[in-house]
Each structure stands twice: as structure tokens, then as C-alpha cells.
Amino acid sequence: MPRILHRPQDSEISNPVHLHLLSDSTGETLEMLAKAALAQFEDADVVRHFWPMVRSRQHLERILPELKANPGLVLFTLVNPETRERLEDACSQLGLPAVPILDRVTEALEKALGQEAHGRPGRQHAMDQAYFARVEAIQFTIAHDDGVGWENWDEADIVLAGVSRSSKTPTSIYLANRGYKVANIPLVVESPPPPKLFELERAMVVGLTTAPERLVQIRRNRLLTLNEERETHYVDNERVKDEVKFARRMFADNGWPVIDVTRRSIEETAAAVIRLYNERAARGTRQGAKPI
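For the sequence shown, the positions run 384 to 675 when this note's numbering is used.
Heads up, some of the hints might be wrong.
Said to hold, decoys possible - Result set (EDC-like, lysine to aspartate or glutamate): computed pairs, CA atoms no more than 20 Å apart in a straight line: (1) Lys-418 <-> Asp-486; (2) Lys-624 <-> Glu-573; (3) Lys-579 <-> Asp-528; (4) Lys-628 <-> Glu-612; (5) Lys-579 <-> Asp-540; (6) Lys-624 <-> Glu-596; (7) Lys-579 <-> Glu-611; (8) Lys-418 <-> Glu-651; (9) Lys-628 <-> Glu-573; (10) Lys-628 <-> Glu-650; (11) Lys-579 <-> Asp-537; (12) Lys-579 <-> Glu-650; (13) Lys-624 <-> Asp-643; (14) Lys-579 <-> Asp-529; (15) Lys-418 <-> Glu-650; (16) Lys-451 <-> Asp-472; (17) Lys-624 <-> Asp-636; (18) Lys-579 <-> Asp-636; (19) Lys-628 <-> Asp-643; (20) Lys-418 <-> Asp-428; (21) Lys-451 <-> Glu-471; (22) Lys-451 <-> Glu-468.
Simulated from the structure, these hints should not be mistaken for laboratory data.
Here the structure is a predicted model, which means the values were calculated and not measured.
Could you build the full structure based on these sequences and the hints that come with them?
Now the structure itself:
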């Protein structure tokens, strides 16, 4: 089990709680796990201290005074034995709980795989083939945003379609960071999409839809950021309802799977897209399958 060092009972962590995140790499994994855990607590008063690239005892020694000045919970992903031992000893002396958050997962994988884990800092960010594939996916996705470059949609893994402000771009970028080549196209009643959209076989087209009322609200906020206060068709309730109906009819006519993003975060929408993509790959079907 991971070693969790508990502070003495007569010692109290200040409010707000200081959360120290120490990583020997970029800290992306550590931040993501901490964020996911904090999401389970409402109105948590937490101050995060982020310490990436801690790869030497000398670096750690410069951080320890900050731990003492701001006592709290310490989460870490350090694989260097000397650096890790020094941190654990320091936390024990300061009475701070220290949690090596990947230990249980690593130990379970060692047993399942029958081999010992490599203690190499930042190994998950090595510039291997997967890394370059992700970079290529990001470049492709940026170059094919908002209907641009439709001639190359056959190279995409996923094409997202939906009316304006239905989260197409942020979802595309999130998926690209997961290694998927994504294009997206806004659906406009007066301007039909290129015929290429209906001819795709390799790329999976996914329709994104949302509640008209929510869409109007999002669009109004968008106009405010642009200092545009005039009422236009862009935020007219009936007009927006017609847009959403137009898009949903297109999704149904072409058998594209549909995701309602009204109450979904970008991460949740992306997860749903990935699930659809994997299910489609498992079935071995091409575009034209019925909505899921």
C-alpha cells in the first residue's frame, strides 16, 4: 500500500487547506487527479501549490520551506528513491500527510504484467511514436476548425457537426489532445455543408445538439464579450429553435450518432464521442450506421 504519513492529532491544517502537488515531470497527471478528487467536494477552500520537474534533492530542498510555511496535504509523483525518501521524512517531521498517488496503480500493474516498473522520471511524456501522433492530431484539428479544409476530411478520425456555439471547437481540441484527428463544421440553415460531409466513410460524423434556451443564453454571452448589444437572428428564440431542428433532422436523415451537450462538460462530451468511436471500431462499421 502507498505510504501515507499522518500528522499528529494535536496538529491542525489551516483553513484554507493548502494542497501541495510535487511531480518529477510536467505534473499534468497529478493536476488532473487532484482536480478530479476536488470535484467531489462542494465549496472546498483549497489553495494549490504546484511544483513540477522536481528531479533532484537540491530542488526539493528549495521547496521544503514552502511546505513548512503553508502546512497542508502533500500529493506527489516522485520516482527517484533519494528525493522521495527526503520528501517523506520532511513531511513526517512537519506532521504533514504525504500521499504517493500512483503507488497502488503501479503495484497492481506490476503484479498483472509480471514485471517491475521503470523508475524513470517523466517516462509517460517520452517523445515516442504516440507523442508525435498526438502532435499531428492537434495540428490537423487546428487546421480543420469551423469547416476549414473540408477537402481533407477523409483523413480525420472524427467530424463534429452542429449549430454555432454547440461546443464543437473545444471538444475537438480536447479530443486532439487525446490523439484523435478531428474536424468540425457549423451547420447553417442558409448555407448547406459541403457534399463531402455526406460521403465520408472512414471518419465518424457525430452530431452535437443542445437545448435552444441554453443555446440562446450562450450566444447572448458571446455577443456581450464582443460588445454587441443589438438583437439579431443569432439570438432569436424561434430562429434558434429552427436551427436546432434543422441540425437534428440532418443527423437523423444520415444516421449520425447524436450527443446532447446541454448539461455536459467538454470532458464528458469528449468521453461520449470516444465511446461512440470505439464502439464503431469494434463493430467494424463505416459511416451510415444508425444513431446510438
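How the hints compare with the structure:
1. The straight-line distance between the Cα atoms of Lys-418 and Asp-486 is roughly 18 Å, inside the 20 Å bound, and the hint therefore holds.
2. Distance check on the hinted pair: Lys-624 and Glu-573 sit about 15 Å apart at the alpha-carbon level, within 20 Å; holds.
3. A threshold of 20 Å between alpha carbons decides the hint, and for Lys-579 with Asp-528 the separation of about 15 Å falls inside it, so the pair holds.
4. At most 20 Å may separate the alpha-carbon atoms for a hinted pair to count; Lys-628 and Glu-612 exceed this at roughly 26 Å.
5. Of the pairs offered as hints, the one joining Lys-579 and Asp-540 holds, with about 15 Å between alpha carbons and a cut-off of 20 Å not exceeded.
6. Annotation: proposed proximity of Lys-624 to Glu-596 holds, straight-line Cα distance about 8 Å (limit 20 Å).
7. With a C-alpha separation of about 34 Å, the suggested pairing of Lys-579 with Glu-611 is violated against the 20 Å cut-off.
8. A threshold of 20 Å between alpha carbons decides the hint, and for Lys-418 with Glu-651 the separation of about 15 Å falls inside it, so the pair holds.
9. A distance of roughly 14 Å separates the Cα atoms of Lys-628 and Glu-573; the hinted pair therefore holds under the 20 Å criterion.
10. The straight-line distance between the Cα atoms of Lys-628 and Glu-650 is roughly 25 Å, outside the 20 Å bound, and the hint therefore fails.
11. With a CA separation close to 9 Å, the supplied pair Lys-579 and Asp-537 stays within the 20 Å bound.
12. Pair hint Lys-579 plus Glu-650 does not hold up; C-alpha atoms about 28 Å apart against a cutoff of 20 Å.
13. Distance hint between Lys-624 and Asp-643 is fulfilled; the C-alpha atoms sit about 15 Å from each other, no more than 20 Å.
14. At roughly 15 Å between alpha-carbon atoms, Lys-579 and Asp-529 fall within 20 Å of each other, so this suggested pair holds.
15. Taking the CA atoms of Lys-418 and Glu-650, the gap is about 13 Å. The hint holds against a cut of 20 Å.
16. For the hint pairing Lys-451 with Asp-472, the CA-to-CA distance comes to about 13 Å; that is within 20 Å, so the pair holds.
17. Taken as a hint, the Lys-624 and Asp-636 pair is honoured in the structure, with Cα atoms around 18 Å apart against an allowance of 20 Å.
18. At most 20 Å may separate the alpha-carbon atoms for a hinted pair to count; Lys-579 and Asp-636 meet this at roughly 16 Å.
19. With a CA separation close to 13 Å, the supplied pair Lys-628 and Asp-643 stays within the 20 Å bound.
20. Taking the CA atoms of Lys-418 and Asp-428, the gap is near 13 Å; set against the 20 Å cutoff, the hint holds.
21. Between Lys-451 and Glu-471 the alpha-carbon distance is near 13 Å, which keeps this suggested pair within the 20 Å criterion.
22. A distance of roughly 17 Å separates the Cα atoms of Lys-451 and Glu-468; the hinted pair therefore holds under the 20 Å criterion.
Consistency with the previously given hints fails for numbers 4, 7, 10, 12, ordered from lowest to highest.
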